[in-house]
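Build out the structure end to end from the sequences listed, making use of the hints.
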Amino acid sequence: MHGIRGEAASSFDQVLRQREAQVLRTAFRILGNWADAEDVAQEVFLRLHRRGLVFANDAAAGGWLYRVTVNLCLDRTRSARPSQELSDIPSRERSAEALVLVEEKKQRLMAALALLPRKERAAVVLREIEGLSTAEVAEALGSSEVTVRSQISKALVRLRGILNREEV
Amino acid sequence: MNEEEMRELFREMRDEPVPADSLARVRAAVDQRIQKRPWLSAWKIAAALLMAGCVVGAFLSLRPGKPVPIEQVSPPEIAQVLPVQVESPAPPKIPVRVASHPRRARPRPVVEGVPVSIRIETPDPDVVILLVN
Numbered sequence: 201m202h203g204i205r206g207e208a209a210s211s212f213d214q215v216l217r218q219r220e221a222q223v224l225r226t227a228f229r230i231l232g233n234w235a236d237a238e239d240v241a242q243e244v245f246l247r248l249h250r251r252g253l254v255f256a257n258d259a260a261a262g263g264w265l266y267r268v269t270v271n272l273c274l275d276r277t278r279s280a281r282p283s284q285e286l287s288d289i290p291s292r293e294r295s296a297e298a299l300v301l302v303e304e305k306k307q308r309l310m311a312a313l314a315l316l317p318r319k320e321r322a323a324v325v326l327r328e329i330e331g332l333s334t335a336e337v338a339e340a341l342g343s344s345e346v347t348v349r350s351q352i353s354k355a356l357v358r359l360r361g362i363l364n365r366e367e368v
Numbered sequence: 005m006n007e008e009e010m011r012e013l014f015r016e017m018r019d020e021p022v023p024a025d026s027l028a029r030v031r032a033a034v035d036q037r038i039q040k041r042p043w044l045s046a047w048k049i050a051a052a053l054l055m056a057g058c059v060v061g062a063f064l065s066l067r068p069g070k071p072v073p074i075e076q077v078s079p080p081e082i083a084q085v086l087p088v089q090v091e092s093p094a095p096p097k098i099p100v101r102v103a104s105h106p107r108r109a110r111p112r113p114v115v116e117g118v119p120v121s122i123r124i125e126t127p128d129p130d131v132v133i134l135l136v137n
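Chains as they are written, first to last, in our numbering: chain E, 201 to 368; chain A, 5 to 137.
A hint or two may mislead.
What the hints assert, rightly or not - On the chain E side, residues computed to face chain A include the following (Cβ under 7 Å):
id : residue
1  : R225
2  : G232
3  : W234
4  : E238
5  : Q242
6  : L301
7  : K305
8  : K306
9  : L309
10 : E328
11 : I329
12 : G331
Hints in this document: simulated from the structure, not taken from any laboratory. All C-beta atoms in this analysis are idealised placements derived from N, C-alpha and C, irrespective of residue type, glycine included.
Laid out in structure tokens, this is it:
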């Protein structure tokens, strides 16, 4: 058993150090800024500490953390409507270096990701960036695998549309 | 940007390091809030105990220590209604006739002049005993 309650503080610290990057990165990909991601990450670990969950294994712990992280992020984005412009995307002409170009593409992709409906965005982040299986994504989002596949498929089409529209 | 290119970029994002200062801030904030929590929970426990004490105190104070004299409520007086003596109509007076002469035992009639004889037969048919007066 991968216990948290029984092994008290040291165990909690261990989980915190193991999982903080995962939680923070996921929150950042969904929310789009580090400040909000940090707030969400704090709340996730406080909930973990408060509930003192005992997980059957490491995957269960990871799944729980993903689920809580995504739910908190979705709650935060519930009221916020994505802007319809990719205003903060640097234009292609700003950099010539290949590396910088890749970074630029990533930023544009992230900005386009922020325009997606929040559930589609969460599904893409978990499946494509975090590399979870469809079943794991479905569990984290509380939906079926069919729904997740559909959401990811639609999201990729939308992303392509957004990015291609910007390129024109 | 095609789908494959997007997936490739997503995969690269997966390996991107998280800013160390963000991690440090999260860790510090979590530690700080967890350390505050025991005081918070102690206050909660104290408040709960106080509340429970108040409830018990209120219960005990309301509970009677000695028997409260219960005022005896006398039953309302009921006017006694005496049974009405209904005079039954007197039976018709039948005049009792008093015998003019006291009753006397009737004397047994004596039959005189009739001879009484008892005939006793014996086993011997030739012998009969006759008792006459």
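These are the hints, each one checked on the structure:
1. Taking 7 Å as the C-beta cut-off, the interface hint given for R225 of chain E holds, the closest approach to chain A being about 5 Å.
2. Of the supplied interface hints, the one on G232 of chain E is violated, with its beta-carbon coming no nearer than about 13 Å to a beta-carbon of chain A, more than 7 Å.
3. Hint status for W234 of chain E relative to chain A: holds, with the closest Cβ pair at about 5 Å, below 7 Å.
4. Annotation: E238 of chain E was flagged as interfacial toward chain A, and the flag holds, the nearest CB pair being 5 Å apart, inside 7 Å.
5. Annotation: interface hint on Q242 of chain E holds; nearest CB of chain A at approximately 5 Å, less than 7 Å.
6. Of the supplied interface hints, the one on L301 of chain E is violated, with its beta-carbon coming no nearer than about 11 Å to a beta-carbon of chain A, more than 7 Å.
7. Taking 7 Å as the C-beta contact cut-off toward chain A, the hint placing K305 of chain E at the interface holds, the least distance being around 6 Å.
8. Proximity of K306 of chain E to chain A holds as hinted, the smallest CB-CB distance being about 5 Å (cut-off 7 Å).
9. This hint holds: L309 of chain E has a C-beta 5 Å from the nearest C-beta of chain A, less than the 7 Å allowed.
10. Taking 7 Å as the C-beta cut-off, the interface hint given for E328 of chain E holds, the closest approach to chain A being about 4 Å.
11. Nearest Cβ of chain A to the Cβ of I329 of chain E: about 5 Å, under the 7 Å cut. The hint holds.
12. Checking G331 of chain E against chain A: minimum C-beta separation of about 6 Å stays under 7 Å; hint holds.
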